[in-house]
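> Take a look at the letters that make up each chain.
2 protein chains.
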Amino acid sequence: MTTKRPLTELQTPALLLDRARMRANIKRMADHVGKLGTVIRPHVKTHKSAQVMQDVIAGGNTQGITVSTLREAEYFFDQGERDILYAVGIIPSKLEAIAALVARGARIKIILDSVEAARLVAEKAAELGLSLPVLIELDVDGHRSGIAPDGDQLIPVADAVLQSAPHLRFRGVMTHAGESYHATSEADLKAAARNERDMSVHAADRLRQAGIEVDEVSIGATPTGLFAEDLSGITEVRVGVYVFFDLVMAGIGVCDTSEIALSVLASVIGHQADKQWAITDAGWMAMSRDRGTANQAVDQGYGLVLGLDGEPMEDFFVARTNQEHGIIESRSGAGDPTRLAIGDRVRILPNHACATASEYDRYYVIEDGEIVAEWPRINGW
Amino acid sequence: MTTKRPLTELQTPALLLDRARMRANIKRMADHVGKLGTVIRPHVKTHKSAQVMQDVIAGGNTQGITVSTLREAEYFFDQGERDILYAVGIIPSKLEAIAALVARGARIKIILDSVEAARLVAEKAAELGLSLPVLIELDVDGHRSGIAPDGDQLIPVADAVLQSAPHLRFRGVMTHAGESYHATSEADLKAAARNERDMSVHAADRLRQAGIEVDEVSIGATPTGLFAEDLSGITEVRVGVYVFFDLVMAGIGVCDTSEIALSVLASVIGHQADKQWAITDAGWMAMSRDRGTANQAVDQGYGLVLGLDGEPMEDFFVARTNQEHGIIESRSGAGDPTRLAIGDRVRILPNHACATASEYDRYYVIEDGEIVAEWPRINGW
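Those sequence lines, one after another, are chains A and B. Residue 0 is where the first sequence starts when you use numbering that gives the first Met the number 0, and the numbers rise one by one after that. Residue 0 is where the second sequence starts when you use numbering that gives the first Met the number 0, and the numbers rise one by one after that.
Since the hints were derived computationally from the structure, they do not count as laboratory data. Being a predicted model, the structure only gives us computed values, none of them experimental. Hints are supplied without guarantee of correctness; some may be wrong.
Copies of the same chain look alike in the list, so a pair counts if it works inside one copy or between any two.
[As the list claims (entries may be wrong)] Derived DSBU-like pairs: lysine-lysine, alpha-carbon spacing no greater than 30 Å straight-line: (1) Lys274 <-> Lys189; (2) Lys123 <-> Lys34; (3) Lys274 <-> Lys123; (4) Lys26 <-> Lys189; (5) Lys3 <-> Lys123; (6) Lys34 <-> Lys189; (7) Lys3 <-> Lys26; (8) Lys123 <-> Lys26; (9) Lys274 <-> Lys26.
Make the full structure from the sequences, and use the hints.
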């Protein structure tokens with residue numbers, strides 16, 4: 000256990016994780032999904048940390064994990080996780096790494112969305128002596144990959160998987176309602192959640208009507224997970240960013256900025272008095288280049304400025320950045336950030352937790368305003 | 000020495016470095032700056048790699064290095080570099096790390112731009128028994144930090160440094176013409192270079208007229224470094240991204256896309272036939288969220304698609320991304336990226352080399368289309 004340290008002792012920039020806020024976020028999702036009768040398969044792509052994962056599991060109502068890279072699968076396997084869904088379309092060249100994990104005891108489920116992929120992957124799985132459970136990826140909102148739940152490819156792709164037994168084992172369907180990130184009202188969020196659930200259950204029903212057994216119907220995105228009103232027929236909900244939240248999620252009404260658990264600690268390094276700028280050492284490398292709030296009702300620049308107490312500092316935000324410089328302005332112009340002295344510290348809420356956290360190799364965990372632990376995280380592939 | 004390997008053997012996404020292109024870029028800058036009678040103090044923030052640095056030094060006409068983080072200073076010191084300019088405004092809390100390097104034999108120069116900073120830093124330097132060379136940061140184009148070359152703060156800040164001897168030792172002035180990244184013509188580039196040089200020399204002249212000895216006049220940015228026509232009075236040019244170049248630099252006419260040395264190797268993982276999308280495993284995590292070409296004449300999306308041979312593939316570009324998904328479209332709509340089969344590989348040129356490279360922990364160095372080495376790089380602070 001690290002001895003407690005004040006925030007003033009850290010080198011900046013540094014990534015802070017408010018554990019109380021995180022635990023409340025974890026509980027909120029676990030309770031909501033549980034109340035609707037299903038479970039969470041937590042997505043680790045946001046936090047990539049075994050210690051955060053322990054808090055997610057302690058929050059209850061989870062089964063296994065979801066990963067977006069093989070590196071995540073390998074890391075969390077080494078941390079003791081066995082039940083892993085690799086939720087990015089699989090290709091043959093990724094199967095050797097999966098075979099290595101399976102040989103060590105991992106149960107890895109894969110996804111695909113075409114007859115071509117089923118054929119190529121089955122061939123490689125056979126060569127490697129693998130028998131992998133498979134979900135078909137659905138596209139419920141035009142977001143990226145996946146086949147149309149009511150289109151003519153659903154049954155042929157399922158057949159291609161079934162015909163590839165025992166190397167592929169058909170398990171069901173999955174989707175991610177990524178367009179829910181662009182919702183602009185609670186009604187939008189509820190509609191996106193309803194659409195994600197209904198389209199997925201519809202696809203499962205079509206498969207069942209074709210005589211195909213469907214054991215799993217896996218859906219999920221943080222906005223739809225929290226605004227779903229009905230999850231009947233859904234076997235698991237895959238969510239990730241809810242653990243930390245961020246300004247994009249606050250901007251679409253999924254959380255309040257006071258619930259965001261992640262922030263970047265920065266030091267004031269200078270001023271431009273004429274422009275009422277305070278300049279910090281947290282540039283875009285420290286915040287990421289993510290400008291996810293740029294097209295929202297409130298553009299948060301590169302982040303919202305808090306004091307060390309975690310409370311907003313007037314209407315200060317990071318209006319612009321260079322690689323290692325951030326420029327704090329008053330949004331209205333009524334405040335004057337040059338009142339911050341050289342060496343003063345601020346905290347900055349990020350636009351996008353996944354992107355900002357990926358710039359760091361560790362979290363400094365804070366409780367009651369003090370650092371109580373350092374938790375490592377992984378990056379890369 | 001790594002045995003040569005074809006690009007088809009790498010896991011994707013992976014970061015490729017074309018060494019022949021890089022060496023040509025290094026030579027171009029070394030020759031141009033040398034012809035104008037001065038030297039380069041290479042900025043390491045783009046590559047953060049000891050092996051790349053060796054090629055930069057081999058290209059000739061360099062002295063020391065420029066860093067943007069203490070982590071860079073520590074890493075390159077460990078790799079044998081002794082002469083280091085930390086080119087971000089210094090604050091007292093960063094001085095202990097600097098003192099540790101100085102104690103080990105580093106010569107570290109710092110920058111500052113206010114009487115307040117001079118006073119605070121001198122106090123801490125005295126406490127640590129340091130005697131640090133100092134440059135005053137100038138603002139020649141309203142880009143970020145620095146004092147106006149013709150403003151009323153120049154002499155007082157220099158005086159504050161001089162009065163802090165021996166803990167601070169006044170050496171001269173420095174600036175970075177960051178606004179040159181927004182040039183739209185060769186005339187703009189030349190004008191930005193002229194302005195950067197003239198304003199810096201003007202500041203040095205003002206100081207000399209006040210009886211202050213100025214030994215160093217340090218300037219630099221890749222666009223101004225390459226388009227300068229006169230560097231008289233300049234003691235060094237600090238440049239970084241020229242080593243790799245990127246689509247932002249190509250977009251402002253500093254290089255051709257065929258000179259960009261960095262690319263991301265990606266695999267096709269699926270399609271959306273109706274939309275003529277090919278989907279790859281290089282999302283924004285692999286390319287970075289940098290959209291530096293968004294406001295240029297040609298918006299390159301998240302990157303320009305090449306074949307494995309390094310030649311452009313029709314008019315394909317990465318039009319949109321998710322965290323681990325990239326979507327390739329034909330810019331004109333005349334081409335059809337769905338002709339790429341699942342498992343096919345492409346290379347993607349990045350918008351911004353500094354941002355994209357920071358997503359990786361190593362470069363795969365290619366010569367004649369084959370991988371010949373793996374070079375590690377650092378990240379973080």
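> Determine which of the earlier numbered hints do not hold for this structure and return their numbers in increasing order.
2, 8, 9
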